[in-house]
Structure formats: C-alpha cells, structure tokens
Amino acid sequence: MKFELSEEGKEYLEKGFPEKRLLELILENGNEITLEKARKLENLNIALQWCKKKGWIEIENGKIRITEKGIKEKDKPTEFEIALKKFSEGKGLEEEEIKLLLERKLIRKRLEVEIDEEIKEISPEIIKYNLWEGKRFKPYQVEVAGKIVYPGKKHPLRLTMEMVRETFLEMGFEEMEGPLVEIAFWNFDSMFVPQDHLAREMQDTFYLKGKGELPKAELVEKVEEVHEKNWDYEYSEEEAKRLVLRTHTTSVSFRKMAQGIKIPGKYFCIGRVFRNETIDYKHLPEFHQCEGIVLSKDANLRHLMGIIKEFYQRFGIEKVRFKYAYFPYTEPSLEAFGWHEKSKKWIELIGAGIFRPEALEPLGIKVPVLAWGLAIERLAMFIFGKEDIREIFGYTCDLQWLREFNPIKRKI
-14 MKFELSEEGK EYLEKGFPEK RLLELILENG NEITLEKARK LENLNIALQW
36 CKKKGWIEIE NGKIRITEKG IKEKDKPTEF EIALKKFSEG KGLEEEEIKL
86 LLERKLIRKR LEVEIDEEIK EISPEIIKYN LWEGKRFKPY QVEVAGKIVY
136 PGKKHPLRLT MEMVRETFLE MGFEEMEGPL VEIAFWNFDS MFVPQDHLAR
186 EMQDTFYLKG KGELPKAELV EKVEEVHEKN WDYEYSEEEA KRLVLRTHTT
236 SVSFRKMAQG IKIPGKYFCI GRVFRNETID YKHLPEFHQC EGIVLSKDAN
286 LRHLMGIIKE FYQRFGIEKV RFKYAYFPYT EPSLEAFGWH EKSKKWIELI
336 GAGIFRPEAL EPLGIKVPVL AWGLAIERLA MFIFGKEDIR EIFGYTCDLQ
386 WLREFNPIKR KI
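According to the working numbering, the sequence shown is numbered sequentially starting from -14.
It is possible that part of the hints are untrue.
[What the hints assert, rightly or not] Listed next, the in silico DSBU-like pairs over lysine-lysine satisfying Cα-Cα at most 30 angstroms (straight line): (1) Lys139 / Lys351; (2) Lys132 / Lys120; (3) Lys(-5) / Lys132; (4) Lys327 / Lys251; (5) Lys94 / Lys57; (6) Lys214 / Lys201; (7) Lys76 / Lys61; (8) Lys251 / Lys207; (9) Lys351 / Lys329; (10) Lys94 / Lys71; (11) Lys48 / Lys37; (12) Lys(-13) / Lys61; (13) Lys120 / Lys0; (14) Lys71 / Lys48; (15) Lys247 / Lys214; (16) Lys37 / Lys90; (17) Lys132 / Lys0.
Hint data in this document are derived by calculation from the structure and do not stem from the laboratory.
No experiment lies behind these values; they were computed from the predicted model shown.
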C-alpha cells in the first residue's frame, strides 16, 4: 500500500509541529505566556494537547508555563518529527512509524484508480478527484427501470398511534402514562373488579412471579371496604399485591385519579397491554390500547357517544353504531362498532361506559367519569384497509406490504 503526505503533513514540514512552535513562543516571552496571547498561534488546540500529553507545559490561572522537561526536550526531535522527515526524504519506514503518521493524519493512503477511456459507472472517487476529466461517459438509457429501493419509514402501527395522540390533543385532552407491569390492586381491585372475577384467571391474565407494593394504607382500606360491602367476600391484600402484565390501560386512569386530578378534566393514555387471547383476525395476546376519561359534573352517556363518534369521524369512519354491554367497573356500559367497507362487517372498535360510583368512592371523586378503551390495531385495520390484524402487527405480518405502503395523513 502506498501513502502520500496530507495537507497537515505538508504544513508541518514547512512550518514545524504546533507543539514545538508553542514552546518557542513561550520561551520568547520569558518561559510563560497568557492563553489570550497564545491564541495567535495556528493550531493552538493541537499544540496544547500534545504539550500537555508530553508534560512540556503547565496551565494555571489562564497562563501557560514551560516545564523543565519542556526546556530539556524542546530541541530534541519527537518520534513524529523523525518519522515525517524520513517519509519526506523517501526513506523506508517501520510499521510503527507509519501508524504514528496515520494517527496524526500526516499521511494518507494514495488513491490509485485506473480509469478506462470510457467511464461506465460513476464512483465517489471519480468525482472527488476529477478523474472524469478528458474521459467519455457510457451513454445511459434513462427509460430502463432502476432497482426498487424501500426507504426507511415508520411502521403503520406507530403512525396510527401518532395520529391517535394528535387527535386527542387537538380535542383538548392531556396525556398520561403508567407502567406495563402492574399490581392486581391497580389492574383490578381499584376498578371494583372482585378478586374472584373470571377476568383474573390465568387463562385471561399473564401473572408474574413475586409481589409488588400496595399504595397508601388509607386507600387500600377504602377499596377493601367497598369490595367487602358490595361483593360480600373477604378481601385479600396478598392477592392485591400480585404482579401482572397490565390487561388494559384503565389502570393508568385510576392511578391518575388517585394522585389527585383536575375536575373538570380530559385525559388519555396510549400503551401496550397483554391478554391471554386466542389469536385470530381481530385478536392478539399483545396489542396497543388507548384509554380516555372525562370528568365533569354534567357528563352523561350522550356526551360519551358524541366523543366516540367525533373521534372516529376524524379517521373517516362515518358509520358507527352502539350497543349495550357489561363491564364490572362501568354502568351504564356500551360497545361501539364501525362498518369495515372491505370486509363488509361491523367490527368492534371500543368498549366504554361511566365508572361505577363504587369504583370512584375510595378516590373521593363524586362527579361522573366517562371512560373508554380502544384497540389501536383495530383502528389501523380501517385506516390501511386490512381485513386481518395480523397483516399489520405480529409474526405473520405482510412484509411486502410494509415495504411498499405509502404513509398517509389523516384528513380532518
């Protein structure tokens, strides 16, 4: 491999190394110089770095002072000076000397490119070093299709989550966050779900080893009292400490309300949730949910239905219908369905309702609280015209479609 002098190498041969020039400047000023005065030296930072490294100078209170070692070695050629001089004189260098010069970028690899009289392909070197001058270019057929390149872009699901976040922020909501691993207290108990409810069974919930910490004893006691009074069973704090992968983002809402919350207020949360579901075209064991709550003394079911319809209309889902449903922590409760044009089916979009007074009582909240939870993946099915949730997210997703789809923006 052949090398040539770099611009720095040429400069140092002509003017000397910066560190030696700095020593000369200090000696000219009586063995000490201010940093301000030293700034007139070219490559001062490089000079300071190498002088400090070799122990030639000391810097204190904005002044540079030459050391005894610096005075002793100022006229002694450094390993860099010796190697650079040998290179400039065309003498053979040891491998270590080449490494030294490359380390300080005093030499560089010599470009050796042979160019035919006709250039068939353009490379960076041809342009950088003007190797195209005096050559002919092979004619290009611009009508020939080039290689398809798939640029990096956001996943459709990520785009959907961003669009949902943007929509709720535009509608005046504040965002809230919470942990993926919850204790049963926040995931179930605080929401007035009894400890023997079927939703807590292993076939529906992913439990983890170990126990978590309960919140303040006062809150736990209030929840325990409500459970024992209304569900007629003996409440267990050990059961409440069990760790679970959260089954919904509603636990975030109850954490938020327990911390103290503005009334009136509107809040939402987007996050990953886990349920031991059988995988099919609209169910996955791991998916993303958007939770929302509205607290107001005037809130009612018609307001809730209006918010849901307004939200989905912003995504072009005009046909939305509701039906009565049951959830242990809301009453009344409802589900909303959207008409999926491609599959010609009504697909469930959202579960919603008004939190039961028993769930809100331990938190000291006395106004109605509207609540809902929507699956992001289901909404993505509508946005991207998919009939199966697994085509968008999961181990069987359509990779070719992911490469080719065009990111879209929601029109309001």
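*What hint numbers does the structure not satisfy?*
Going through the list in order, the structure violates hints 1, 3, 4, 5, 9, 13, 14, 17 and respects the others.
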